[in-house]
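*Asks:* Mind docking chain C on chain F? Use the hints.
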Amino acid sequence: MKTSIITLLFLATFTVGIAQTPQERGIEIAKAAETADLGFGSSTVAIKMTLKNKNGQTSERYLENKTLELTEDGDKSLIVFNSPKDVKGTATLTFTHKQGSDDQWLYLPAIARVKRISSNNKSGPFVGSEFAYEDLSSQEVEKYNYTFIKEEGSNLIVEQDPVDPKSGYTRRLVTYNKDKGYRIEKIEFYDRKNALLKTLTYSNYKLYKNKFWRASTFNMVNHQSNKETLLEFSDYNFEVDLAEEDFSQVALKRAGS
Amino acid sequence: MKNAFILIAFLSFHAFAKAQTETKKTTQEFELEIETEYRYFYENAQFEQQEDHYPSIALRPEYSIEWNKGYEGIHFKGFLRLDRDNERTHWDIRTLYYQKAKNNWELSIGLKKVYWGVTESNHLVDIINQTDAVESFDGEDKLGQPMIQFSWITNRWGTFDFFYLPFHRKRTFPGTEGRLRFATVIDKDDVGYESGAQEWRQDIAFRWKYYIGAFDIGVSHFYGNGREPLFTVSPTGTINAFYPVINQTGIDIQITHNAFLWKVESIYRHAKAQDFIALVGGLEYTFSNIDGNGLDIGLLGEYLYDERDELALTALQNDLFFGSRIAFNDIQDTSILIGGITDLENSSTIMSLEASRRFGSNWTAEIEARIFNNVDTSEFILANFRNDSFLRVSISRFF
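Keeping their order, the protein sequence lines are chains F and C.
1 is the number of the first residue of the first sequence in full-length UniProt numbering; add one for each residue after it.
1 is the number of the first residue of the second sequence in full-length UniProt numbering; add one for each residue after it.
The following block holds chain F by itself, in its conformation from the complex:
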């Protein structure tokens, strides 16, 4: 009797190990990546955005981003534009939610107005760039369905299908590096017609606080329009110790003034 229970348990474990579905493996990887990045608390970073059109002409923007990590609900973030000068001080405050749409406010410095805006526009471009709003919002595990595709060395490739029907993608192919804290190396975006739309490559990774991998460069290439957007991150600060009050509408106005 005792032996048969052990055998049964052994068999059950074995079966799970072998028969883990690609869906189960996919979500396991996404959760491992989330766990690896837990506990950063808050951070600030300066961003240089370079927009390149198909003729190679470039245009630059400078932004600052503050992030507050929350575990029960999605993260909060505050982005301020420093250039171009005519939009200097324009700022956005976003409360990401694991379920449902995000809450977002826009600060317009010319008239000192805070405006709640719809977060419905997921697929639209962020300030004329090749990044859609959904590419830049906090990546919560709950926002996708997962399918493990294959393993290549230390890279794990997982297909992610957006839960939100308003997403501009049918799927994303995400390459995780399991030896480097499940950091993301590359994302390929497939449009609503399931054609390859964009490739985002993360490079110049640095390890902060001996735990958190952050890429210094994001390069998004649009294969259909031949346009590119480069994001360069500098001055990462994980010691800022920000609180909820730093992500209030009062703080949004202060950041843009």
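Derived by calculation from the structure, the hints in this document are not laboratory data.
All values derive from a computational prediction rather than experimental measurement.
Note that beta-carbon positions come from the ideal geometry of N, C-alpha and C, so glycine has one too.
Treat the hints with caution; some may be incorrect.
As the list claims (entries may be wrong) - When the alpha-carbon atoms are kept at most 30 Å apart in a straight line, the in silico BS3-like pairs for lysine-lysine are as follows:
no.: 1; chain 1: F; residue 1: K211; chain 2: F; residue 2: K48
no.: 2; chain 1: F; residue 1: K115; chain 2: C; residue 2: K170
no.: 3; chain 1: F; residue 1: K88; chain 2: C; residue 2: K102
no.: 4; chain 1: F; residue 1: K227; chain 2: F; residue 2: K186
no.: 5; chain 1: C; residue 1: K100; chain 2: F; residue 2: K115
no.: 6; chain 1: C; residue 1: K69; chain 2: F; residue 2: K115
no.: 7; chain 1: F; residue 1: K186; chain 2: F; residue 2: K52
no.: 8; chain 1: F; residue 1: K88; chain 2: C; residue 2: K25
no.: 9; chain 1: F; residue 1: K143; chain 2: F; residue 2: K206
no.: 10; chain 1: F; residue 1: K48; chain 2: C; residue 2: K69
no.: 11; chain 1: F; residue 1: K209; chain 2: C; residue 2: K69
no.: 12; chain 1: F; residue 1: K48; chain 2: C; residue 2: K25
no.: 13; chain 1: C; residue 1: K100; chain 2: F; residue 2: K48
no.: 14; chain 1: F; residue 1: K48; chain 2: F; residue 2: K180
no.: 15; chain 1: F; residue 1: K209; chain 2: C; residue 2: K25
no.: 16; chain 1: F; residue 1: K88; chain 2: C; residue 2: K69
no.: 17; chain 1: F; residue 1: K150; chain 2: F; residue 2: K206
no.: 18; chain 1: F; residue 1: K211; chain 2: C; residue 2: K69
no.: 19; chain 1: F; residue 1: K227; chain 2: F; residue 2: K52
no.: 20; chain 1: F; residue 1: K166; chain 2: F; residue 2: K98
no.: 21; chain 1: C; residue 1: K25; chain 2: F; residue 2: K206
no.: 22; chain 1: F; residue 1: K98; chain 2: F; residue 2: K193
no.: 23; chain 1: C; residue 1: K102; chain 2: F; residue 2: K115
no.: 24; chain 1: C; residue 1: K69; chain 2: F; residue 2: K206
no.: 25; chain 1: F; residue 1: K166; chain 2: F; residue 2: K115
no.: 26; chain 1: F; residue 1: K209; chain 2: C; residue 2: K102
no.: 27; chain 1: C; residue 1: K102; chain 2: C; residue 2: K69
no.: 28; chain 1: C; residue 1: K100; chain 2: F; residue 2: K88
no.: 29; chain 1: F; residue 1: K150; chain 2: F; residue 2: K31
no.: 30; chain 1: F; residue 1: K206; chain 2: F; residue 2: K52
As the list claims (entries may be wrong) - In silico contact screen, one side only, chain C against chain F (beta carbon under 10 Å); selected entries:
no.: 31; residue: E29
no.: 32; residue: G73
no.: 33; residue: G117
no.: 34; residue: H257
no.: 35; residue: L295
Unchecked claim - FRET-style restraints, in silico, Cβ to Cβ:
no.: 36; chain 1: F; residue 1: N204; chain 2: C; residue 2: I251; range: 44 to 54 Å
no.: 37; chain 1: F; residue 1: N226; chain 2: C; residue 2: Q49; range: 56 to 66 Å
no.: 38; chain 1: F; residue 1: N194; chain 2: C; residue 2: I381; range: 53 to 63 Å
*Replies:* Positioned in the frame of chain F, the structure of chain C alone reads:
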């Protein structure tokens, strides 16, 4: 008197800033916008001495210094305009204040601009700053208001704002050469006060701002010198204008649901000579990224009501606003706003168009048109502007 007040404020800030900067890391920023503008009124002037062509130049310098990781700072925004209309030639300190934030509170002392409200066609609850009525027709330019503002942020119950407003600023009206004026030129110095303390009446205001789920709610109260002068007509026909002491309670609500923004603003204003409610409410719906290339088209509709009827300075007593906001979301931030306000009781209609675009990284261009159509001669305010349709082009360079 006013200039002396501003100068003292500036000097004391300056000394304070200097003492602080010696010990802590600071960041400073300076920016200047130079704008050239041309306004063309294409219909014959209704009143004598009014012009048709108004070339103009404006300067907008900005300076800020921050320390204590940005939790403390001094912010300055100046303004100067030169125009053919002597009254529109004016300067102002839009903002000059010291600010300190710590944990769940923020304190601002100095001249500042504060915006309240959610609607697009009229800004009823927004009362802290005086309107710079000569600068623009839409009333969105404001004069710097001296204040002490204290904000208290709670995670559960929203934000509470307390304002102490020690000085009132009068509204400037266009001069003899200016368009968009009344038959009689109103000199701002001729407009008096109900309060014996005049512009030095010590005013107060309060606002509670709360957010839960799809709802953004603001409740406010203001007690002090009104920002709008009150016009009373005596039986002999003489117009008397003064700033009444008012109590104004305001509420503004926005519900953000998918691509819909539902908005309402309402005020109740009480003064000895006046007692009324006003309301503006409607919706905004945005079709986003419709071409897969970032094109957003928003549709706006709002209803405007004002119990003052034709004495409402805004001339929006029972009107309908409709409009469309088109944003291309391109590198140049090209956007167009078209709209119209039509009176539900008579034929009066105001059409407007505003378009803007960036060129390179330091230039912007704007086009604006306001067209007064079939303005009813019985309109107390608007009838004066019935020949004042105009086109405006401006080009700005940022340094």
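*Asks:* For every hint, state whether the structure bears it out.
*Replies:* Hints and how they fare:
{"no.": "1", "hint": "F:K211 x F:K48", "in the structure": "24 Å, holds"}
{"no.": "2", "hint": "F:K115 x C:K170", "in the structure": "28 Å, holds"}
{"no.": "3", "hint": "F:K88 x C:K102", "in the structure": "24 Å, holds"}
{"no.": "4", "hint": "F:K227 x F:K186", "in the structure": "18 Å, holds"}
{"no.": "5", "hint": "C:K100 x F:K115", "in the structure": "23 Å, holds"}
{"no.": "6", "hint": "C:K69 x F:K115", "in the structure": "26 Å, holds"}
{"no.": "7", "hint": "F:K186 x F:K52", "in the structure": "20 Å, holds"}
{"no.": "8", "hint": "F:K88 x C:K25", "in the structure": "22 Å, holds"}
{"no.": "9", "hint": "F:K143 x F:K206", "in the structure": "26 Å, holds"}
{"no.": "10", "hint": "F:K48 x C:K69", "in the structure": "21 Å, holds"}
{"no.": "11", "hint": "F:K209 x C:K69", "in the structure": "21 Å, holds"}
{"no.": "12", "hint": "F:K48 x C:K25", "in the structure": "23 Å, holds"}
{"no.": "13", "hint": "C:K100 x F:K48", "in the structure": "28 Å, holds"}
{"no.": "14", "hint": "F:K48 x F:K180", "in the structure": "25 Å, holds"}
{"no.": "15", "hint": "F:K209 x C:K25", "in the structure": "24 Å, holds"}
{"no.": "16", "hint": "F:K88 x C:K69", "in the structure": "19 Å, holds"}
{"no.": "17", "hint": "F:K150 x F:K206", "in the structure": "26 Å, holds"}
{"no.": "18", "hint": "F:K211 x C:K69", "in the structure": "25 Å, holds"}
{"no.": "19", "hint": "F:K227 x F:K52", "in the structure": "6 Å, holds"}
{"no.": "20", "hint": "F:K166 x F:K98", "in the structure": "16 Å, holds"}
{"no.": "21", "hint": "C:K25 x F:K206", "in the structure": "27 Å, holds"}
{"no.": "22", "hint": "F:K98 x F:K193", "in the structure": "26 Å, holds"}
{"no.": "23", "hint": "C:K102 x F:K115", "in the structure": "24 Å, holds"}
{"no.": "24", "hint": "C:K69 x F:K206", "in the structure": "24 Å, holds"}
{"no.": "25", "hint": "F:K166 x F:K115", "in the structure": "22 Å, holds"}
{"no.": "26", "hint": "F:K209 x C:K102", "in the structure": "27 Å, holds"}
{"no.": "27", "hint": "C:K102 x C:K69", "in the structure": "11 Å, holds"}
{"no.": "28", "hint": "C:K100 x F:K88", "in the structure": "21 Å, holds"}
{"no.": "29", "hint": "F:K150 x F:K31", "in the structure": "17 Å, holds"}
{"no.": "30", "hint": "F:K206 x F:K52", "in the structure": "25 Å, holds"}
{"no.": "31", "hint": "E29", "in the structure": "9 Å, holds"}
{"no.": "32", "hint": "G73", "in the structure": "8 Å, holds"}
{"no.": "33", "hint": "G117", "in the structure": "8 Å, holds"}
{"no.": "34", "hint": "H257", "in the structure": "8 Å, holds"}
{"no.": "35", "hint": "L295", "in the structure": "9 Å, holds"}
{"no.": "36", "hint": "F:N204 x C:I251: 44 to 54 Å", "in the structure": "51 Å, holds"}
{"no.": "37", "hint": "F:N226 x C:Q49: 56 to 66 Å", "in the structure": "58 Å, holds"}
{"no.": "38", "hint": "F:N194 x C:I381: 53 to 63 Å", "in the structure": "59 Å, holds"}
The structure agrees with every numbered hint stated previously.
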